[in-house]
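With the hints as constraints, model all of the structure from the sequences given.
The working numbering puts the first residue of the sequence shown at 25, with every later residue one more than the last.
Hints are supplied without guarantee of correctness; some may be wrong.
Pair ranges (Cβ atoms, derived) [claimed, not checked]:
{"#": "1", "residue 1": "383", "residue 2": "249", "range": "22 to 30 Å"}
{"#": "2", "residue 1": "117", "residue 2": "343", "range": "21 to 29 Å"}
{"#": "3", "residue 1": "279", "residue 2": "182", "range": "55 to 63 Å"}
{"#": "4", "residue 1": "334", "residue 2": "64", "range": "43 to 51 Å"}
{"#": "5", "residue 1": "123", "residue 2": "179", "range": "21 to 29 Å"}
Derived pair list, reagent style DMTMM-like, types lysine to aspartate or glutamate, alpha-carbon separation capped at 25 Å [stated by the list, open to error]:
{"#": "6", "residue 1": "40", "residue 2": "387"}
{"#": "7", "residue 1": "40", "residue 2": "386"}
{"#": "8", "residue 1": "38", "residue 2": "385"}
{"#": "9", "residue 1": "40", "residue 2": "311"}
{"#": "10", "residue 1": "161", "residue 2": "385"}
{"#": "11", "residue 1": "394", "residue 2": "379"}
{"#": "12", "residue 1": "161", "residue 2": "151"}
{"#": "13", "residue 1": "38", "residue 2": "387"}
{"#": "14", "residue 1": "234", "residue 2": "151"}
{"#": "15", "residue 1": "394", "residue 2": "151"}
{"#": "16", "residue 1": "234", "residue 2": "388"}
{"#": "17", "residue 1": "40", "residue 2": "388"}
If you are wondering where the hints come from, they were derived from the structure by calculation, not from laboratory data.
These numbers were taken from a predicted model, which means no experiment stands behind them.
In this text, a Cβ means the ideal position worked out from N, Cα and C, and glycines have one as well.
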Amino acid sequence: MQGSENAVRNYVHKLKFQVRDTLLAARYGLNARNIWVFWKGMLLAWLVWAFFVYAGFLAAGDSVPERFRAAVLCPLPDSLFMSSVPSIILLVAGTLMAFYIYMLTALKVSRLTFEQIRGDQFFSDTDARRFCRSNWKPVVATPLVIALGIVLGLAVIALAGAVGRIPAAGPVLAGLLVVPLWVLGLFLVLASVVLVLSVFLVPVITASTKGDTFECLFEVFSVVTSQPMRLFRGFVTGLSARVVALVVFSVFAWSSVSVVSSVVYRTAGIQGLGDTMESGFSRVAPEVVPFYSSIFNPLSSTEHTESSWSGTAELLVSLAGVAVFLVLLAFWLSSCTAQWTIMYLGLRFTRDREDLLVRADEEEYREFRKIQSNASRDGSRKKE
Numbered sequence: 025m026q027g028s029e030n031a032v033r034n035y036v037h038k039l040k041f042q043v044r045d046t047l048l049a050a051r052y053g054l055n056a057r058n059i060w061v062f063w064k065g066m067l068l069a070w071l072v073w074a075f076f077v078y079a080g081f082l083a084a085g086d087s088v089p090e091r092f093r094a095a096v097l098c099p100l101p102d103s104l105f106m107s108s109v110p111s112i113i114l115l116v117a118g119t120l121m122a123f124y125i126y127m128l129t130a131l132k133v134s135r136l137t138f139e140q141i142r143g144d145q146f147f148s149d150t151d152a153r154r155f156c157r158s159n160w161k162p163v164v165a166t167p168l169v170i171a172l173g174i175v176l177g178l179a180v181i182a183l184a185g186a187v188g189r190i191p192a193a194g195p196v197l198a199g200l201l202v203v204p205l206w207v208l209g210l211f212l213v214l215a216s217v218v219l220v221l222s223v224f225l226v227p228v229i230t231a232s233t234k235g236d237t238f239e240c241l242f243e244v245f246s247v248v249t250s251q252p253m254r255l256f257r258g259f260v261t262g263l264s265a266r267v268v269a270l271v272v273f274s275v276f277a278w279s280s281v282s283v284v285s286s287v288v289y290r291t292a293g294i295q296g297l298g299d300t301m302e303s304g305f306s307r308v309a310p311e312v313v314p315f316y317s318s319i320f321n322p323l324s325s326t327e328h329t330e331s332s333w334s335g336t337a338e339l340l341v342s343l344a345g346v347a348v349f350l351v352l353l354a355f356w357l358s359s360c361t362a363q364w365t366i367m368y369l370g371l372r373f374t375r376d377r378e379d380l381l382v383r384a385d386e387e388e389y390r391e392f393r394k395i396q397s398n399a400s401r402d403g404s405r406k407k408e
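Structure representation (structure tokens):
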């Protein structure tokens, strides 16, 4: 293989590196392997966050059993909780851990999507975990560096404001600093936007380039500032396709629940399976969504009929409903990661005329030739 122009492409979909490529996000998001990875990641993040919040309630002197009966797996901090410094520290720690679990899960799914675009359908969850262990540092460090930069900028502005308190000369000095501080404020606004977008871009950049923290920082700022309109159009186009796909997927999921409920009722005479499943999320998060709300519409209550499910059986069916809800959420996040992966590949090609898919093929080929050469050399030595 000689150069990018002569590289043989083995893509399931040959990307045109245009905005309409983002329409493929729903197709790549609807992948059982990707959904399964996100399903596990979101469940782990949820449980870790809940554990730290309950630890915070314990540190605040609250009754954990009573809180668990009221909130189950989604406790919300109250005034007693927020009045305790250790509780707030535990809340921040749990939120950060859940956030980074999401980021690392997105890194794995982004790498899976990248390999699927290349045509490698055998790149497994195990391969993605191995890649994540080797390339997790930029995902953790890049948003942290941007956030620290914003804090430092705010500290500089606060210091300049403190200078204005100096008698006589203070207001004059503060007046001289107004324009530089305004420029710094512009940069802080940009950095804040980049910080939000880094949640989506950093896993994608790391998965596509295997770059370090410095490269991720450069790429995030470069993508946002060099092609903002293309970024916006790609986001809107991909989002429209993903919303339609989510609605269709939800209809299929709801139809499946209805079929199972109907068959169970006709064969076992037990009614209410569908209602119990649909209200499963409200049973594990009663403080977040209305009671008896449906997993297909968590923000509103639905009519609830008499159910024959109770006790342990009701708990198991409710948890099954939560599992279905997490599948829908995992599909949405999987398609989101696929969309940003496709967007970044197109943005990088438009900016640098560099095809990262071909580059990955070439790197893989060079690694193969290196291994082949070493094996041939070892074989020659053995013959001698």
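**OP:** For the pair we were handed, residue 40 and residue 387, check the Cα-Cα distance against 25 Å.
**Re:** Holds, at roughly 22 Å.
**OP:** Could you tell me whether the CB distance from residue 383 to residue 249 stays inside 22 to 30 Å?
**Re:** Because 23 Å falls inside the window, the suggested range holds.
Original post:
Does the alpha-carbon distance linking residue 234 and residue 151 stay inside the 25 Å limit?
Top reply: 14 Å, holds
Original post:
Are the Cα positions of residue 234 and residue 388 separated by 25 Å at most?
Top reply: 13 Å, holds
Subject >> 21 to 29 Å as the expected CB spacing between residue 343 and residue 117, which holds or is violated >> reply: 27 Å, holds
Original post:
Taking 25 Å as the top limit, are the C-alpha atoms of residue 161 and residue 151 close enough?
Top reply: Within the cut-off at roughly 17 Å; holds.
Subject >> Agreement of residue 394 and residue 151 with the hint, judged by alpha carbon distance not exceeding 25 Å >> reply: 21 Å, holds
Original post:
Regarding the pair residue 40 and residue 388, is the alpha-carbon distance no greater than 25 Å?
Top reply: Holds - the C-alpha atoms of residue 388 and residue 40 are around 22 Å apart, at most 25 Å.
**OP:** Verify the proposed pairing of residue 38 with residue 385, using a straight-line Cα cut of 25 Å.
**Re:** 14 Å, holds
**OP:** With respect to the beta-carbon atoms only, verify the hint that residue 279 and residue 182 lie 55 to 63 Å apart.
**Re:** Since the Cβ atoms of residue 279 and residue 182 sit about 57 Å apart, the hinted range of 55 to 63 Å holds.
Original post:
Under the criterion that the straight-line Cα-Cα distance not exceed 25 Å, is the pair residue 40, residue 386 satisfied?
Top reply: Answer holds: residue 40 to residue 386 is near 19 Å, not above 25 Å.
**OP:** Given the hint that residue 161 pairs with residue 385, test it: the Cα-Cα distance must not exceed 25 Å.
**Re:** This hinted pair holds, its Cα atoms lying about 24 Å apart.
Hint compliance for this structure: hints 4, 9 are not met, and every other hint is.
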